[in-house]
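K.L.:
The task is simple: from the sequences and hints, build the whole structure.
Heads up: the protein sequence lines correspond to chains A and B, in order.
Here the working numbering is used: the first residue of the first sequence is 1, the next is one more, and so on.
Here the working numbering is used: the first residue of the second sequence is 1001, the next is one more, and so on.
In short, the hints are calculated from the structure, not lab data.
All C-beta atoms in this analysis are idealised placements derived from N, C-alpha and C, irrespective of residue type, glycine included.
Take the hints with a grain of salt, since some may be wrong.
As the list claims (entries may be wrong) - Cβ pair distances, simulated, as ranges: (1) B:E1167 to A:D225: 56 to 62 Å; (2) B:F1093 to A:D68: 26 to 32 Å; (3) A:E76 to B:V1075: 32 to 38 Å; (4) A:D68 to B:L1120: 53 to 59 Å; (5) A:P56 to B:L1120: 37 to 43 Å; (6) B:A1170 to A:R118: 28 to 34 Å.
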Amino acid sequence: MAIDARHVSKSFANYVALRDVDLHVEEGQLVALLGPSGSGKTTLLRIIAGLDGPDPNPDTAVIVDGQDILDRRPSERRVGFVFQHYALFRHMTVFENIAFGLRVRPRKLRPSEPEIRRRVDELLELTQLGRWRFHYPSQLSGGQRQRVALARALAIEPSVLLLDEPFGALDAKVRQELRRWLRALHAKIPVTSVLVTHDQEEALEVADRIVIMNQGRIEQTGTPDEVFHNPASEFVVTFLGHVNLFHGRHGANGQAARVFVRPHELDIERVPTSSESVFASVLRIQSAGPLVRVELATEQNDPITVEMTHDRHRDLTLKAGDRVYVKVRDVRVFVAAN
Amino acid sequence: MAISSRHRHTEETWMRNLFIGVSIAFIGLLILLPVISVFTEAFRKGISFYLTSISDPLAMSALRLTLITAGVTLVANLIFGLAASWLIAKFNFPGRNLLLSLIDLPFAVSPVISGLVFVLLFGARGWFGALSNHGIQIIFATPGVILATIFVTFPFIARELIPLMQEQGADEEEAAVQLGANGWQIFRRVTLPNIRWALIYGVVLANARAMGEFGAVSVVSGHIRGRTNTLPLHVEILYNEYNFSAAFAVASLLALLALVTLVAKAALESRIRVEERPTLMEMEQVES
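P.N.:
Pasting the structure below:
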């Protein structure tokens, strides 16, 4: 079901978490709210879930499936929520954790015991947790706990699924696996999902669309391609990965400008081939990884990072202390200073 | 290498034995010996004297009052302790720290003073002294004994629960709300199971103190034999009358009550374990 949050503001005692935010999520999409900590992304998620209330404003609305759910209690919203630290019921088995949302339903709406068992078994299968059904959360690994949390949220057949930093507490390898698994799960059960993360790589990999937030505002919304290749603001450029900053002049009247270039859009040459090449010395070479990362410093001691293929690195035979020229291959990103 | 490691090993054993010895000596001297002496003194004049002493109507009435007081106190403390801990641990509200300090007050104030406060409040010339004109007797009567006992014991449960509930946070409760549980379901299915051990421990401590409380109760009871004497007060009266064997006999009754409390706790613990066992068995079946 589509989510439409309109004019959502939220201030706490000493800071403003959200400033008149509008969020729209199409039915069946997986959207990532991406931003640094304190940007308001988790607050927005909690307001949609009903765990926090927005600042009172008659224009504020949270519309799910065409209905404003702002006045409904969280228990009546049918919103699945996966908490950052899982928040599993520690004294219940995996099975009972998943069954909880069904068991607490009012008698009239509660499925029968065999029906509950059937639904939980289904979810255990889906999350590959069948073997652990009688284990307690403390006996599970982080990745397993996360899957229990997900299965528990899905058990109530939510109209939307909200995930708060779902992979935040896991190590890199498990994160990778779970991301891919979540993508596959979403393809199988296309429930409208909003995922909060501060990890740009995760957002770019998992999401259909990315909403980039900063200081309580939405900076840009778009597909991963759009936000990465056409960033709308300086913040988006710098947040979506490492960039090099150059100061320069722009336009006919020579307005001061800040130029951002990603490390892979730079090249190193021994002999300058253009007047725009920058003189720099090599500080450090890091070649363990898919790309070779070369850190340099200009004469003004500004840092520059260049990424190149291993082939290119072999051709250049670089070593620390070499004095070289850095050439901008591609300036995709160009933001005038204001 | 081998020599030095063996040397260190003997040193550690020596230290360990010393600590074990000190602990045993301490427990033996200060805890075990007094308990044994209570029972030896109680039976000094033989079993029949012991039985007469404890079946004396005055002793029985003291026992009855002690049990009633402990029972009412337990219920009051359970309600108050749970409510206060829930409030303090799961919510942030103005006056939270004040409430937290107030809960500690009975620990900080001498029980005698606590008793005096109730005399000042409910005594004939106290703030609520007019109550006695309407036939509601608080001081020098059972209600006063109960009030004073509740006052000195109410921190026990809350003090056990608050740190635990704060450490556990409100995450699980939030998850339960999100999954559609109502307030009672959250308490019954999520909060209570998570705190049950601390709760049982707090209840045992509060109960032991309620049955043994002397100072505060002594001030408010008026020592009316057969009416407002609890077991500890009755022991003191017998002792002051040089009726040592009877005093120790009644004291042994108090010690037995403490034992009953401990046994009840152990029974409760094992019952909870039994409840959990089937799932463990199912677990093994799945694994095998």
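K.L.:
Which hints, by number, does the structure contradict?
P.N.:
1, 5
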